[in-house]
Amino acid sequence: QKEVEQNSGPLSVPEGAIASLNCTYSDRVSQSFFWYRQYSGKSPELIMSIYSNGDKEDGRFTAQLNKASQYVSLLIRDSQPSDSATYLCAVNGGSGNTGKLIFGQGTTLQVKP
Amino acid sequence: DGGITQSPKYLFRKEGQNVTLSCEQNLNHDAMYWYRQDPGQGLRLIYYSQIVNDFQKGDIAEGYSVSREKKESFPLTVTSAQKNPTAFYLCASKQARGADSPLHFGNGTRLTVT
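Chains as they are written, first to last, in our numbering: chain R, 1 to 113; chain B, 1001 to 1114.
Hints listed in this document are in silico derivations from the structure and should not be mistaken for laboratory results. One should not assume that every hint holds.
To be verified - Derived contacts from chain R toward chain B, CB cut-off under 7 angstroms, selection only: (1) Phe-34; (2) Pro-44; (3) Leu-46; (4) Phe-103; (5) Gln-105.
Unchecked claim - Coverage of chain B stretches by chain R, computed from C-beta distances (three or more under 8 angstroms per stretch; other residues unrestricted): (6) 1034 to 1042; (7) 1045 to 1058; (8) 1105 to 1111.
Stated by the list, open to error - Over 10 angstroms on every C-beta distance to chain R, these chain B residues come out as not near it, computed from the model: (9) Pro-1008; (10) Gly-1016; (11) Asn-1018; (12) Val-1019; (13) Ser-1022; (14) Leu-1027; (15) Asn-1028; (16) Ser-1067; (17) Glu-1072; (18) Pro-1075; (19) Lys-1083; (20) Asn-1084.
Glycine included, each C-beta is placed from N, C-alpha and C at the ideal position.
Turn these sequences into a full structure, and let the hints guide you.
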């Protein structure tokens, strides 16, 4: 079983719609969760971090965390063509305080005008 | 401007040659990391260092070596023992050694070995 799983997509949504990206993780003791956006050929850039159960909103982005279900998601409201990218879910290494992040394989989002 | 500088952006080498990828940060971060990304895949951890003069193997350390002689620098050497070295290499750093702070990435080095 992969430690962090994402549907590779592509996920295609029309401009203005809500894009929902999902991620599950296997290590129950994980404490920190991050969403990165990666444009083709570029390095990942941090979008959101979330540490406690519930929702965290930042502009058009909302991260949702459910530790009991080992599930973290990212909602993008009013999707724009510029949101088209690969979104990487990252989870801290879990047991121990190593600071390692484990990444999912990423979900490719396509926002169509 | 603070940031992480990786050089070069593109690197071409012949099979059998060792090559060193540079990573320098001026963010005063304690911890530094090297990841590898292959097409259509996520990031896989090669090596990481939480303090100067100390580093640990990640999930795919075979065929790679690192050093951490200075806080600002964490070079990665891809040796001839690495069987599939062609990939996108990403260096990252974070403020604290613990789990909560996010990683900040350099712009990456794309290595092609023929």
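Quick rundown of the hints versus the structure:
The restraint placing Phe-34 (chain R) at the interface with chain B holds, with a minimum CB-CB distance near 5 angstroms, inside the 7 angstroms limit. Nearest Cβ of chain B to the Cβ of Pro-44 (chain R): about 5 angstroms, under the 7 angstroms cut. The hint holds. A cut of 7 angstroms between beta carbons decides the hint on Leu-46 (chain R): the least distance to chain B is about 5 angstroms, and the hint holds. Below 7 angstroms, beta-carbon pairs count as interface contacts, and Phe-103 (chain R) has one with chain B at about 4 angstroms; its hint therefore holds.
Given hint, Gln-105 (chain R) at the interface with chain B, holds; its Cβ is 4 angstroms from that chain's nearest Cβ, closer than 7 angstroms. Chain R is given as covering the stretch 1034 to 1042 of chain B, and this holds because 4 residues of the stretch bring a CB closer than 8 angstroms to a CB of that chain, at least three being needed. Counting residues of the stretch 1045 to 1058 of chain B whose CB falls under 8 angstroms from any CB of chain R gives 5; the rule of at least 3 is met. For a cut-off of 8 angstroms, the count of residues in the stretch 1105 to 1111 of chain B with a CB near a CB of chain R stands at 4, and the three-residue condition holds.
Every CB of chain R lies more than 10 angstroms from the CB of Pro-1008 (chain B), the least distance being 15 angstroms, so the non-interface label holds. Distance check on Gly-1016 (chain B): its Cβ is at least 27 angstroms (rounded) from any Cβ of chain R, clearing the 10 angstroms threshold; non-interface status holds. With a closest Cβ-Cβ approach of about 24 angstroms to chain R, Asn-1018 (chain B) is found to remain outside the 10 angstroms limit, as its non-interface label requires. With a least beta-carbon separation of about 19 angstroms from chain R, Val-1019 (chain B) lies farther than 10 angstroms from that chain, consistent with its non-interface assignment.
Listed as outside the interface, Ser-1022 (chain B) is consistent with that label: its C-beta sits roughly 15 angstroms from the nearest C-beta of chain R, beyond the 10 angstroms cut-off. Against the 10 angstroms criterion, Leu-1027 (chain B) stays outside the reach of chain R, whose nearest CB is about 13 angstroms from its own CB. Under the 10 angstroms C-beta cut-off, the non-interface status given to Asn-1028 (chain B) relative to chain R holds; the minimum distance is some 16 angstroms. No beta-carbon of chain R is positioned within 10 angstroms of the beta-carbon of Ser-1067 (chain B); the least distance is around 19 angstroms.
The Cβ of Glu-1072 (chain B) lies farther than 10 angstroms from every Cβ of chain R, with a closest approach of about 18 angstroms, so its non-interface assignment holds. With a least beta-carbon separation of about 18 angstroms from chain R, Pro-1075 (chain B) lies farther than 10 angstroms from that chain, consistent with its non-interface assignment. Even its closest Cβ contact with chain R, about 21 angstroms, leaves Lys-1083 (chain B) beyond 10 angstroms, as expected for a residue assigned away from the interface. At the 10 angstroms boundary, the C-beta of Asn-1084 (chain B) stays outside the reach of chain R, the nearest C-beta of that chain being 17 angstroms off.
This entry satisfies every hint, going by the numbered hints stated previously.
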